[in-house]
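S.K.: As a plain string of letters, each chain reads:
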Amino acid sequence: MKRFILLLTAAMLLTAGSLLIVRAAKAQSVPMTEVHIQRIRSNCIDAQSTLNQLHKSDGLLRVNRGQLYESISTKLMAPLNSRITLNKLDGATLVSVTATYENQLEDFRLKYQSYEEAMSRTLKLNCQNQPVAFYDSVGETREKRKLVHDSTVVLQTTIQKYKDEFEVFAKTVQEKTQ
Amino acid sequence: MTHEDLLAEGHSLSRWAQHRFMLLVGATILISLFLVGVALALYASSGTAQLDLSRPGYESVRKQAVRSDTFNGYPSSGAIDKSALDEFRKLYDKQAQQATSVDSFGGAAMSDQTLSIEALPEEQSVAQ
Chain A
1 MKRFILLLTA
11 AMLLTAGSLL
21 IVRAAKAQSV
31 PMTEVHIQRI
41 RSNCIDAQST
51 LNQLHKSDGL
61 LRVNRGQLYE
71 SISTKLMAPL
81 NSRITLNKLD
91 GATLVSVTAT
101 YENQLEDFRL
111 KYQSYEEAMS
121 RTLKLNCQNQ
131 PVAFYDSVGE
141 TREKRKLVHD
151 STVVLQTTIQ
161 KYKDEFEVFA
171 KTVQEKTQ
Chain B
179 MTHEDLLAEG
189 HSLSRWAQHR
199 FMLLVGATIL
209 ISLFLVGVAL
219 ALYASSGTAQ
229 LDLSRPGYES
239 VRKQAVRSDT
249 FNGYPSSGAI
259 DKSALDEFRK
269 LYDKQAQQAT
279 SVDSFGGAAM
289 SDQTLSIEAL
299 PEEQSVAQ
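If you're matching them up, the sequences are chains A and B in order. The opening position of the first sequence corresponds to residue 1 in this note's numbering, with each subsequent residue numbered one higher. The opening position of the second sequence corresponds to residue 179 in this note's numbering, with each subsequent residue numbered one higher.
Simulated from the structure, these hints should not be mistaken for lab results. All values reported here derive from a predicted model rather than from experimental measurement. Wrong hints could be hidden among the right ones.
Think about it this way: if two alpha-carbon atoms lie no more than 25 Å apart in a straight line, the pair counts; the simulated SDA-like pairs of lysine to any residue are [to be verified]:
id	chain 1	residue 1	chain 2	residue 2
1	A	K161	A	L86
2	A	K171	B	K241
3	A	K163	B	V280
4	A	K111	B	Y252
5	B	K241	A	V154
6	A	K88	A	V168
7	A	K111	B	H189
8	A	K111	A	V154
9	A	K111	B	S282
10	A	K163	B	Y252
Partial list, computed: chain B residues near chain A (C-beta under 8 Å) [said to hold, decoys possible]:
id	residue
11	L213
12	L229
13	L231
14	A243
15	A257
16	G284
17	A287
Backbone N, C-alpha and C define an ideal beta-carbon position, used for all residues, glycine too.
Put together the whole structure using the sequences plus the hints.
M.R.: Spelled out as structure tokens, the structure:
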């Protein structure tokens, strides 16, 4: 048992070490030149102003998109599922898609929160004193914004999937009533 | 009870008992500060802060927020027949079209080129 724990610990340490090495190598793959750093330093005030505007418009977008995504779940999917159940019809697939959609919506909320926190950190940086940290922080924020974008694409796919399943359900109901 | 009796009773009270009103005020302030701290921590950690357009700096976009109560939704009770299905289809298509028509949080807005902080090709070749 002790030997197993030792082996497991060694394996975990090796994995963590190799991950750190890969990460360090990745970070150093494109070294920054002094000219590039100077370029960041001279343009970063404008960049921060642009990011500040983006931060505000993204806040608005989050509120409007969030309300829209939420209304699809609470005001359309859930009432239809409930109505199907009350009528003793089989809507299991629609319920399953709704559950997936709810999870994806929660994921969207969490990813936006993470992105917003990263953006706030970037905007707080003194970019003229810390141009490299600013550049790295912009990169991190960009990655997090991409994750938010990806989660909206996933939500849109599920919205379409629910529609497709609804059409299958509607066809079945109409065939039964004819 | 004379004035002297009241003074004598006051002197006979302990130091804490003499200042109990000030203690009450102090304790109330401390409890309020603690509860405000808890509320602010929840406000920040729950993600509510990100949705709060009443924060300073959001004045310009605040009015553009869409009111959520304008859409009534689909009734959760009633028969499932052709007209009910058509009604749902109409409502769902409208909302789905709004949700899928805009490419939200696209990558171009935050690119190095947009922010003018990209490494120019000659800088990259120097670095290599």
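S.K.: Look at each hint and say if it fits the structure.
M.R.: Right, here's what the structure says about each hint:
1. A threshold of 25 Å between alpha carbons decides the hint, and for A:K161 with A:L86 the separation of about 23 Å falls inside it, so the pair holds.
2. Restraint check for A:K171 and B:K241: the C-alpha separation of about 43 Å exceeds 25 Å, so the hint is violated.
3. Taken as a hint, the A:K163 and B:V280 pair is honoured in the structure, with Cα atoms around 18 Å apart against an allowance of 25 Å.
4. Distance hint between A:K111 and B:Y252 is unfulfilled; the C-alpha atoms sit about 29 Å from each other, more than 25 Å.
5. Taken as a hint, the B:K241 and A:V154 pair is broken in the structure, with Cα atoms around 29 Å apart against an allowance of 25 Å.
6. Proposed proximity of A:K88 and A:V168 is supported: the alpha carbons are some 17 Å apart, at most 25 Å.
7. For the hint pairing A:K111 with B:H189, the CA-to-CA distance comes to about 64 Å; that exceeds 25 Å, so the pair is violated.
8. Distance check on the hinted pair: A:K111 and A:V154 sit about 13 Å apart at the alpha-carbon level, within 25 Å; holds.
9. Restraint check for A:K111 and B:S282: the C-alpha separation of about 14 Å stays at or below 25 Å, so the hint holds.
10. For a cut-off of 25 Å, the pair hint linking A:K163 to B:Y252 stands: about 15 Å separates their Cα positions.
11. Proximity of B:L213 to chain A is violated relative to the hint, the smallest CB-CB distance being about 24 Å (cut-off 8 Å).
12. Hint on B:L229 holds. Least Cβ distance to chain A is approximately 6 Å, under the 8 Å limit.
13. Contact between B:L231 and chain A, as hinted, is supported at the beta carbon level, the nearest pair being about 6 Å apart and thus within 8 Å.
14. Annotation: interface hint on B:A243 holds; nearest CB of chain A at approximately 5 Å, less than 8 Å.
15. A least Cβ separation of about 7 Å between B:A257 and chain A falls short of the 8 Å threshold, and the interface hint therefore holds.
16. Interface hint at B:G284: satisfied, since its Cβ lies 6 Å from the closest Cβ of chain A, which is below the 8 Å cut-off.
17. Because the closest C-beta pair between B:A287 and chain A is about 6 Å apart, less than 8 Å, the hint holds.
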